[in-house]
Amino acid sequence: MGKYLLKRVILAAVTIWAVATITFVLMNMVPGGPFLSEKAISPAATAALEAKYGLDKPFGERYLTYLKDALHGDFGLSLKQRGRTVSGIIAAKFPVSAKVGGIAVLVSLLLGIPLGVIAAYKRGTTIDSVFSVVATLGIAVPSFVVCTVLMYFLGVKLGILPTLGLTSWKNYIMPVFALSAYPTSYIMRLMRSSMLDVLGQDYMRTAKAKGLSQKVSLFKHALRNAILPVITYLGPMVAYTLMGSFIVEKIFTIPGLGGEFIKAINGRDYTMIMGTTIFLGTFMVFMLLIVDIVYTIVDPRIKLK
Amino acid sequence: MSNYLLEVERLQKHFPVRGSVLGKSKHMVQALDDLTFGIKKGETLGMVGESGCGKTTAGRTILRLHEPTGGRIVYDGETIFDKEKKIAAKMLPYRKKMQIVFQDPYASLDPRMTVGDIVGEPIDIHKLCESKQDRYDKIIGLLERVGLNSEHANRYPHEFSGGQRQRVGIARALAVDPEFIVCDEPISALDVSIQAQVINMFEDLQEQMNLTYLFIAHDLSVVKHISDRIVVMYLGRMVELADSYELTMHSLHPYTRSLVSAIPIADPIEARKSKRIILEGDVPSPINPPSGCRFRTRCPYADEQCAQEVPEFKEVSSGHFVACHHLDRVK
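One line per chain: the protein sequences are A and B, in this order.
Quick note on numbering: the numbering used here labels position 193 of the first sequence as 193, and the sequence is numbered without any gaps.
Quick note on numbering: the numbering used here labels position 73 of the second sequence as 73, and the sequence is numbered without any gaps.
Since the hints were derived computationally from the structure, they do not count as laboratory data.
Hints may be right or wrong, so weigh each one.
Stated by the list, open to error - Part of the chain B face toward chain A, derived, beta carbon under 10 Å:
hint: 1; residue: Val17
hint: 2; residue: Arg18
hint: 3; residue: Arg112
hint: 4; residue: Gly116
hint: 5; residue: Ile140
hint: 6; residue: Val176
Bear in mind the structure is a predicted one, so any value in this text is a computation, not a measurement.
Backbone N, C-alpha and C fix where the C-beta goes; we use that ideal spot for every residue, glycine too.
Sequences are here, hints too, so could you generate the full structure?
Structure, rendered in structure tokens:
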């Protein structure tokens with residue numbers, strides 16, 4: 001296990017390096033720059049700004065300097081938000097996104113798994129059909145539609161839920177719903193199909209022959225065998241959801257990291273783009289490692305070498 | 001009739017064919033029809049027939065792993081299912097008495113459980129142990145009984161070979177100390193060299209634990225070896241039932257005869273003398289089985305009567321039942 005972890009950490013470092021390099025190259029290929037604006041700035045001022053942030057240096061040199069600094073944990077200053085460090089912005093915004101996202105992850109697990117199990121168990125019935133229509137909607141309808149519809153009816157028409165900011169627990173309801181609609185539906189469908197697979201297995205018949213009641217065998221034998229695809233999906237899903245969604249954050253004016261990420265790209269805030277990308281990449285790699293470790297706990301046939 | 005441990009009467013299982021998305025399909029797979037026989041205590045009843053003839057369905061329906069769609073099941077004098085009288089007993093107490101060994105040892109064990117837990121679970125369900133130590137001792141005892149040992153208890157099924165897994169499956173069935181076991185083609189997934197070992201184990205266990213078997217297989221030579229009596233199935237119906245010597249030496253039904261003629265004979269001189277009866281055509285679909293005698297489409301003796309009337313399953317000599325209109329001609 002120790003040897004395996006070491007191997008994974010080295011691989012993770014390589015992955016993150018690749019992500020950083022590709023982002024750095026792409027970012028520099030995109031036309032425009034951080035200091036272009038509608039108001040013309042004098043060439044002298046632009047040159048001074050570029051010199052201050054080192055943008056006047058050749059590409060190769062900038063790349064190496066960036067890597068060196070990043071290795072020391074220094075992601076630099078934001079080019080657009082004067083005087084604030086990239087790490088500082090991430091540290092301030094990530095907890096906001098992670099809180100909304102974390103609740104959404106919990107909701108989608110607590111709803112998606114049981115609903116999927118019920119749908120599989122009641123396959124072919126009305127309940128199954130209703131669930132499957134709802135799940136298809138949840139996957140097909142984009143989150144900005146969900147957000148807008150929720151906001152219009154619950155926020156404006158009925159006026160029962162606040163539409164702005166994150167001041168009370170009520171503020172969380174709509175964003176969490178909008179964020180969890182897709183993963184809940186997805187988990188439910190995964191769970192249903194994998195459960196159907198397992199329910200047809202011979203060992204489920206063995207459980208019946210042993211005298212186990214259907215409910216117990218459903219949870220003791222079937223769920224444990226059927227949960228694997230959900231765990232696979234969970235890794236990237238948790239990473240993305242905790243990072244925050246640009247759309248949901250924008251619509252509900254949540255000061256989170258998702259909005260920050262898009263803002264950085266639009267403004268060519270180079271250091272901020274690099275910082276958030278590396279952060280997301282690291283988070284993702286870490287989640288995938290956790291998923292692999294959880295596999296070995298859930299399925300004894302899987303061994304990490 | 002009361003000396004039978006298990007009796008089934010006109011047992012029937014029809015499966016609905018999955019219809020389209022809209023509406024339910026009217027077609028039924030007539031997997032099992034009019035199954036009627038009894039098994040005496042301590043006896044082994046063999047059941048043979050080709051793939052898809054309803055053997056496995058018969059075994060599972062008797063244990064109500066599939067709910068029967070008609071007929072009656074009586075176990076040890078107690079009716080556990082009767083379609084007409086609408087009796088459907090709770091199965092939990094009977095699961096302790098009636099067990100099954102499944103065909104595929106690769107699929108019938110939960111891959112997430114250790115062998116110890118697989119064997120121990122029935123002990124927990126039926127509350128057969130007094131303490132943790134007692135439970136452990138019982139599990140080890142069962143494993144040793146089937147030729148495994150205590151080291152195996154903490155391993156998972158995927159770490160075993162096919163033969164070993166089938167032993168785990170047998171230990172699991174024995175865990176509740178049953179009286180009656182359905183052996184559903186327990187050796188057909190195994191290597192030939194292991195088949196003999198497992199067959200012998202079944203025989204030893206029967207002697208030691210006073211078990212009664214319904215032994216299902218498609219290999220008549222195996223069934224002949226282990227069974228006291230044999231029933232031959234064709235397309236969901238019984239065609240012949242007799243003492244195993246009688247059935248193999250003096251078979252009456254044309255289908256049984258063709259099966260018997262397919263048993264390999266070890267002596268080459270004898271083998272040259274014997275004539276194989278090769279049936280033509282395939283087994284018809286059980287969704288739309290032939291009218292009258294279901295075997296008539298492949299039977300060399302079939303005539304108009306066979307298409308009109310279902311042959312009665314009648315006793316022609318003591319303990320020898322057969323369903324055929326033309327026994328006189330077949331002879």
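Hint by hint, here is what the structure shows:
no.: 1; hint: Val17; in the structure: violated (13 Å)
no.: 2; hint: Arg18; in the structure: holds (9 Å)
no.: 3; hint: Arg112; in the structure: holds (5 Å)
no.: 4; hint: Gly116; in the structure: violated (13 Å)
no.: 5; hint: Ile140; in the structure: violated (19 Å)
no.: 6; hint: Val176; in the structure: holds (8 Å)
Checked against the numbered hints given earlier, the structure breaks hints 1, 4 and 5 and satisfies all the rest.
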